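The residues making up each chain are set out below.
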Amino acid sequence: MKVLVPVKRVLDFNLKVRVKPDGSGVDLSNLKMSINPFCEIAVEEAVRMKEGGGGHAKDAAKEVVAVSIGPEQAQETIRNALAIGADRGILVRVDGEVEPLGVAKLLKAVVDAEKPDLVILGKQAIDDDNNATGQMLAALLDWPQATFASKIVLQDGKATVTREVDGGLQTLDVELPAIITTDLRLNEPRYASLPNIMKAKKKPIDVKTPSDLGVDVTPRLQVMKTAEPPKRQAGVKVKSAAELVGKLKEAGVL
Amino acid sequence: MAVLVIAEHDNASLKDATNKVVTAAKAIGGDVDVLVAGANASAAAQAAAKIDGVRKVLHADSPALAKQLAEAMEALIAPLMANYDAVLFPATTTGKNAAPRVAAKLDVMQVSNIIGVEGPDTFVRPIYAGNALITVKDPQPKKVITVQPTAFKAAAEGGNASIETIAAPDGPFKSAFVSEEMAKSDRPELTAAKRVVSGGRALGSNEEFHRVLDPLADKLGAAVGASRAAVDAGYAPNDYQVGQTGKVVAPELYVAIGISGAIQHLAGMKDSKVIVAINKDEEAPIFQVADYGLVQDYKTAVPELMEELTKAGV
Numbered sequence: 129m130k131v132l133v134p135v136k137r138v139l140d141f142n143l144k145v146r147v148k149p150d151g152s153g154v155d156l157s158n159l160k161m162s163i164n165p166f167c168e169i170a171v172e173e174a175v176r177m178k179e180g181g182g183g184h185a186k187d188a189a190k191e192v193v194a195v196s197i198g199p200e201q202a203q204e205t206i207r208n209a210l211a212i213g214a215d216r217g218i219l220v221r222v223d224g225e226v227e228p229l230g231v232a233k234l235l236k237a238v239v240d241a242e243k244p245d246l247v248i249l250g251k252q253a254i255d256d257d258n259n260a261t262g263q264m265l266a267a268l269l270d271w272p273q274a275t276f277a278s279k280i281v282l283q284d285g286k287a288t289v290t291r292e293v294d295g296g297l298q299t300l301d302v303e304l305p306a307i308i309t310t311d312l313r314l315n316e317p318r319y320a321s322l323p324n325i326m327k328a329k330k331k332p333i334d335v336k337t338p339s340d341l342g343v344d345v346t347p348r349l350q351v352m353k354t355a356e357p358p359k360r361q362a363g364v365k366v367k368s369a370a371e372l373v374g375k376l377k378e379a380g381v382l
Numbered sequence: 522m523a524v525l526v527i528a529e530h531d532n533a534s535l536k537d538a539t540n541k542v543v544t545a546a547k548a549i550g551g552d553v554d555v556l557v558a559g560a561n562a563s564a565a566a567q568a569a570a571k572i573d574g575v576r577k578v579l580h581a582d583s584p585a586l587a588k589q590l591a592e593a594m595e596a597l598i599a600p601l602m603a604n605y606d607a608v609l610f611p612a613t614t615t616g617k618n619a620a621p622r623v624a625a626k627l628d629v630m631q632v633s634n635i636i637g638v639e640g641p642d643t644f645v646r647p648i649y650a651g652n653a654l655i656t657v658k659d660p661q662p663k664k665v666i667t668v669q670p671t672a673f674k675a676a677a678e679g680g681n682a683s684i685e686t687i688a689a690p691d692g693p694f695k696s697a698f699v700s701e702e703m704a705k706s707d708r709p710e711l712t713a714a715k716r717v718v719s720g721g722r723a724l725g726s727n728e729e730f731h732r733v734l735d736p737l738a739d740k741l742g743a744a745v746g747a748s749r750a751a752v753d754a755g756y757a758p759n760d761y762q763v764g765q766t767g768k769v770v771a772p773e774l775y776v777a778i779g780i781s782g783a784i785q786h787l788a789g790m791k792d793s794k795v796i797v798a799i800n801k802d803e804e805a806p807i808f809q810v811a812d813y814g815l816v817q818d819y820k821t822a823v824p825e826l827m828e829e830l831t832k833a834g835v
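Each protein sequence line maps, in turn, to chains A and B. When you line the first sequence up against the numbering used here, it's residues 129 to 382, in that order. When you line the second sequence up against the numbering used here, it's residues 522 to 835, in that order.
No lab work stands behind these hints: they were computed from the structure. Heads up, a few of these hints could be off.
[Unchecked claim] FRET-style restraints, in silico, Cβ to Cβ:
hint: 1; chain 1: B; residue 1: LYS801; chain 2: A; residue 2: ASP240; range: 55 to 61 Å
hint: 2; chain 1: B; residue 1: ASN681; chain 2: A; residue 2: GLY182; range: 51 to 57 Å
hint: 3; chain 1: A; residue 1: LYS330; chain 2: B; residue 2: ASP739; range: 58 to 64 Å
hint: 4; chain 1: A; residue 1: ASP187; chain 2: B; residue 2: ASP753; range: 27 to 33 Å
hint: 5; chain 1: A; residue 1: GLN361; chain 2: B; residue 2: THR821; range: 23 to 29 Å
hint: 6; chain 1: A; residue 1: VAL364; chain 2: B; residue 2: HIS731; range: 26 to 32 Å
hint: 7; chain 1: B; residue 1: GLU729; chain 2: A; residue 2: LYS190; range: 42 to 48 Å
hint: 8; chain 1: B; residue 1: VAL699; chain 2: A; residue 2: LYS331; range: 32 to 38 Å
hint: 9; chain 1: B; residue 1: ASP739; chain 2: A; residue 2: ALA370; range: 18 to 24 Å
hint: 10; chain 1: A; residue 1: ALA362; chain 2: B; residue 2: LYS715; range: 21 to 27 Å
hint: 11; chain 1: A; residue 1: SER157; chain 2: B; residue 2: GLU804; range: 25 to 31 Å
[Unchecked claim] Simulated coverage check for chain A against chain B, where a stretch passes if three residues somewhere in it have a Cβ under 8 Å from a Cβ of chain B:
hint: 12; stretch: 251 to 260
hint: 13; stretch: 300 to 306
hint: 14; stretch: 342 to 350
hint: 15; stretch: 369 to 377
Here the structure is a predicted model, which means the values were calculated and not measured. Cβ atoms here follow ideal geometry from the backbone N, Cα and C, with glycine treated the same way.
When you get a sec, could you build the whole thing from the sequences and use the hints?
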């Protein structure tokens, strides 16, 4: 089985987001960029399918291909996936924003060329928080989808996927080829070892452009303005539970 | 202009999120219809017909729609869009699963998780876990939108819309429902609760989490939530998680116990009407958003709070 894992380069999740004073966007200059955490979980799961781990048989996946859509520096994100254990990378080089619809179209072109049996990707990117790319790719390919996965069992040409849904867990069977998107509890990604980081530098990355793939990625939506959310004012400190209950009564919430 | 709202329901009953999305649809303008897609979901369709301002309810009923899986929802909704300018899904796990699939089928970029409507084609949505808000103009002739239900008031009852039965998609579909394991609780559902009591890592264990929070939640008639740190540590199940990667709640009263207030948690609860924080660490960031802060160890503060609530007749 061949597994394709799309990965996105985003602002490191530990860093504070600053809106540019002129409202034209979020200031990313000179800030550390990292692999989107949900994408990292996807890479880890795919590599476990290859190595045999997390309940998967060894060699359940024969090859793991990491693909990123982004600027030249997204090669670092791909190297990150290669250091976890992906075999090779594909960069579709685009400068500037690409919406999930554009990303899904580029990924469809990559899927048409690579013919993977499974595409596993993060449920959302922590920058634009769209939670859309996986589902869109599934629609464009007419493949089944299992989003928000917390457990994946592969057998007999299908995947049995446990999903995190409002109010509990839901289990689906999806025929392969399929799209799976990852939720937080699917696995805990490893720290790449130094030898594996060195090995990753020698793994091949193929670079393409949207025009190579025949895809128009012009954004459909126009961002008019970016603003700080309204700040909530800190209230008062109370000295005791009794005073707290008094205040809550005054506020009319008891 | 006609807007289609996809109902949130469990076949037996309609969820309040539907009424909230109807409010967003009315703000966009035009005729508002509601689609109830389910299996034996007549009761939900009848409830939808009673929402004020709804023109018509479309009711598609089939075993294939019992769990509203994405493939079947796409097959049902995409063709309906010949009659609508916009379709609005609640940003619940069901809505978030299906909406992008419909959007891509229509070659439309979706506007995700809107919290405000500024005009028929202009919306406000959070990015970076709510640390920034963008105003987005959607010039596409067909719009696919997911709506953050907590950001809108529920449309009241009082309507009397007609119910039109429509054909359900045939299938077969390449995904199949196997089973589900829903948390059983007599408490209100987290995202719909008027009061929420949440615990953090300070609780220290699963046993302690429930020993401390459950009685307080029961006393207040509140739902129980948790920070991601508490969930990651195994003190609470994932569906308790409030925050960027969990649920967004906006109750009248939010009580945070032993929660430090990481940005990702604040993103999920900062729109609550009144926030109470109980934490022994005076410097905890949660106090910067709390209306009432009590700097005290939860071990003494919660029992005292229980006692004071009893005295106050709660």
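Consistency of the hints with the structure:
1. At about 57 Å, the CB distance of B:LYS801 to A:ASP240 agrees with the hint of 55 to 61 Å.
2. Between B:ASN681 and A:GLY182, the C-beta spacing of about 54 Å keeps the proposed range 51 to 57 Å intact.
3. As the Cβ distance of A:LYS330 to B:ASP739 is approximately 60 Å, the hint placing it in 58 to 64 Å holds.
4. A beta carbon spacing of about 31 Å between A:ASP187 and B:ASP753 agrees with the range 27 to 33 Å that was offered as a hint.
5. Here the CB-CB span from A:GLN361 to B:THR821 is close to 28 Å, well matched to the stated 23 to 29 Å.
6. The given range of 26 to 32 Å is respected by A:VAL364 and B:HIS731, whose C-beta atoms sit roughly 30 Å from each other.
7. Separated by about 46 Å at the C-beta atoms, B:GLU729 and A:LYS190 satisfy the suggested range of 42 to 48 Å.
8. For the pair B:VAL699 and A:LYS331, the supplied restraint of 32 to 38 Å holds, since their beta-carbon distance comes to about 37 Å.
9. Checked against the hint of 18 to 24 Å, the C-beta distance between B:ASP739 and A:ALA370 comes to roughly 21 Å, which is consistent with it.
10. For A:ALA362 and B:LYS715, the hinted distance range of 21 to 27 Å is satisfied, since their beta carbons lie about 23 Å from each other.
11. Checked against the given bound of 25 to 31 Å, the beta carbons of A:SER157 and B:GLU804, roughly 30 Å apart, stay inside it.
12. Residue count for the stretch 251 to 260 of chain A with a Cβ under 8 Å from a Cβ of chain B: 7. That meets the three needed, and the coverage hint holds.
13. Here the stretch 300 to 306 of chain A counts 5 residues with a CB under 8 Å from a CB of chain B, which clears the bar of 3, and the coverage holds.
14. Check result for the stretch 342 to 350 of chain A against chain B: holds, 4 residues qualifying (beta carbon to beta carbon below 8 Å, three or more required).
15. With 7 residues bearing a CB less than 8 Å from a CB of chain B, the stretch 369 to 377 of chain A meets the requirement of three and the coverage assertion stands.
Checked against the numbered hints above, the structure breaks none of them.
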